[in-house]
Every structure is written in C-alpha cells, then in structure tokens.
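Trainee: Read off the chains here:
2 protein chains.
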Amino acid sequence: MPAEPKPLTFAIPKGRILDEALPLMARAGVVPEAEFHDKNSRALSFATEASDMRLIRVRAFDVATFVAFGAAQVGIVGSDVVEEFAYSDLYAPVDLAIGHCRLSIAEPVQGRGNDTGASHLRIASKYPNITRRHFERQGIQAEVVKLNGAMELAPGLGLASRIVDLVSTGRTLKDNGLVESKVILEVSARLIVNRAALKTDERVAALVERFRALVADMKAAA
Amino acid sequence: MPAEPKPLTFAIPKGRILDEALPLMARAGVVPEAEFHDKNSRALSFATEASDMRLIRVRAFDVATFVAFGAAQVGIVGSDVVEEFAYSDLYAPVDLAIGHCRLSIAEPVQGRGNDTGASHLRIASKYPNITRRHFERQGIQAEVVKLNGAMELAPGLGLASRIVDLVSTGRTLKDNGLVESKVILEVSARLIVNRAALKTDERVAALVERFRALVADMKAAA
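Here the protein sequences line up with chains D and W, keeping their order.
The first sequence begins at 1 in my numbering and counts up one residue at a time.
The second sequence begins at 223 in my numbering and counts up one residue at a time.
Bound conformation, chain D alone:
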C-alpha cells in the first residue's frame, strides 16, 4: 500500500482579497474548517474538508515567500506581490479576476509636479523593487524609502515627494491631500504555485486546472 501523501498547503492572504477568494476556493473544493471564521482564533493553520489539504493564513507578502520556497505548494495573492518579488520558483498560472485594484504613483495635490525634472526623487513605498524598476525605465534615479503602511503620511511630512501604493477607491489618497498621477500596474489576484511542486505533484496540477476552468466559466457567464 502506498504511503499517505503529505498534505498540500494552500496559503491565502489576510485582508482585502480573502472575502472574494473564499467563494471561488469553495467552488474548487477548498473549504476551511469552522475555526477559520472564528475571529478570536489565534490559529495560523487550518484543516479543510479535504483530508490532504490544509490552509495557512498569512500576510500577502508572506504568501509569495511560503510558495516560492515550497513550504506551501499553492496560494492566492495579488499580482502586485508576484511582481514585487519576481521569485523564479513561483509560477502564477491563473488570473482569478478578483481583488482588482491598481498600483499607482500619487503626489500632493498642492505642489503637483513640483519635482518633475528633478534628477533624483525620493519615493515612499511598500514596493521598493517595482518602484525602482519603474523609475529606472524612465531614466530617473529614485531613492525608495520602504514603509510598511501609512504611505499617505510621507509627502506631508517631507519623507518623500511621491508615494507608490495600492489604490482602490482613491478615498485614502483624497483624505490625505494626494492625487493619483500614474498607474504602474493593474492588479488582480492570482493563483500561484511552486514550480517544483507543479512538476512533481499531480494534485497541484489538478488544482490549477480546476481554478482555470472555474475562471473560464465565470467569464462565459459574465
């Protein structure tokens, strides 16, 4: 008799994407145990209705890291995170067409474009790699100050002349006297897999096909 296969680990992000991802995951047969929905739970790892799959719920950036290192075989994360890391062992085969937003440059309404023509810009962002690459392509040397949140504070306090941040409704920018000046990346959630796991574990390939078919159905129905 063959040994029980090691359970698959499916990594999903806290926050924004999760509410839209759960119904899609359910249609693909990935349904977490009840404790997952208990807001007081301190658990990080959860069983699912399938005995050979567990979920981990971690920060979006960490979803990519767990999958890239093969500690999770499958995950769901925004294309912003996929682009930021550019891990070679991470493959993003399915655009799930949920979690839409954009990664944009924003700057103060007052004094807009004051730094245009400057040979050196200071930009605050949670996405140093994407930001640096974007400005490099434009021949502008950008010093990126990495922040983990509250980017919107940076221009008003003189930390940076612009920010690069996720924008959804634009309300947070407006509340902080900022205006979106350029979209760098249209973002949506992706199914991601570890490349080695995809080659060696049939269950990973099967999951990819299930999600791919689901998205095709959704598009046909829309």
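The reader is advised that the hints may include incorrect statements.
[Said to hold, decoys possible] Not the full set, but computed from the structure, chain D residues with beta-carbon under 8 Å of chain W:
#, residue
1, 58
2, 61
3, 153
Keep in mind that the hints were calculated from the coordinates and are not lab data.
If you're wondering where the values come from, they're calculated on a predicted model, not measured in any experiment.
By construction, the Cβ of each residue, glycine as well, lies at the ideal position given by its N, Cα and C atoms.
Keeping the supplied structure of chain D fixed, place chain W upon it in accordance with the hints.
Mentor: Below, chain W alone, put in the same frame as chain D:
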C-alpha cells in the same frame, strides 16, 4: 514677531507598546486628541493638547524610518527595531523601561538541535539584519528568509529550521510546537529622536529631558 515654529511630529507604534506608552506620554505632556481613541477612525495623524505637536501612529518598523529621515523628530519604539535598522541618524537616548520582551531563537521541540553542527542554517525572521549578525558572530552562515508575520509556521512547513522572533509569554511558541533556545536581545521601548532635530530644535532636547526625568522618578519610586 518670530514665525510660529513648525509643529513637532511624534511617531508611535500600533500594538503592543502603545498601551504602556500612553500614560508615560501623558505625564510628559503629550496627550492625543479624542479621535485617537476612536477605533473606527481612519486618521493617521492626530493633534495633541499642545498646539505645536502632532502624533502619527504607524507600524513599529516605520516609526524608526520616519524618525531616521527627520519626517518625525521624536518617537517611541522597541529596541528590537532600533537594532534592526541601525540608522545613523536615529538616536535612542532614553530606555523607557516599558514594553519588555525578548528577541529569541526558537526551534521545534521535536528534533531540537538536529541542525546543530550544520555549516548552513535557514532561519525565518522579521529581523534579517539582527539574525544575520548574530549567526555571523558565531561563525555560522545563516540564510534568512524574511517573513512579516506567522514565523511560527515556518519550521513545521520546512521553510526554516529555526526562527528569530519576539517572545513575551512564550505561549505562541508552545502552541506551535516550538521552544525558545536562545535569547538574542532583551527588548524594551526607547524614546528615539532624529539627531539633527535634537541639535537644532530646543523642543526636542526638552522632551528628551522630560522623559529622562520621568523614568528616573519611576525607578526611584519602584
């Protein structure tokens, strides 16, 4: 008549340290407006009872960044964050004797020490710089996988053989089958200031003296 001085910006971290820091700040005359305590507020910046000071509430790592770049002149943050960044423009003159915890190495209870003697370790941590320095001093080459949270998952999923993380009660480690094997750093909250601001703005020097006196009083009363 001299111009009104620019308001000082005081940066404080969300989370763990804040509850202990607020009473101390109040005794130093730093009292945020009521909205600060409104859990539904989306504001990032707050007035205080002093017309020439405002508060910003950001992530702990970002407190250090705002102060190091002079976007905030003063802040409160754990010594873990001060050590991790080692910013030359950030000065931490007062140990506030609150927010005590420790930065420790932890590893699985089962298989403890299995990696001892290995010439190469993989460690998951939110503190890549402190971790790398610690293992270098021991002559061990450590590959640090940077995670932003949920470090405790890493050993069980094969992402790393050990983690370096903040430990307070040790309960989270225990819940995840881990044991604290070495303390790297005893952590407490520090008053931090921007070095240039300390030299050029008397209000910053006065704040440092006020906090220093408060801590001395607390110690005398203990």
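Trainee: Look at each hint and say if it fits the structure.
Mentor: Now the hints, each set against the structure:
1. The restraint placing residue 58/D at the interface with chain W holds, with a minimum CB-CB distance near 4 Å, inside the 8 Å limit.
2. Interface restraint check for residue 61/D: the shortest CB-CB distance to chain W comes to about 6 Å, inside 8 Å, so the restraint holds.
3. Hint on residue 153/D holds. Least Cβ distance to chain W is approximately 5 Å, under the 8 Å limit.
When each numbered hint is compared with the structure, no violation occurs for any of them.
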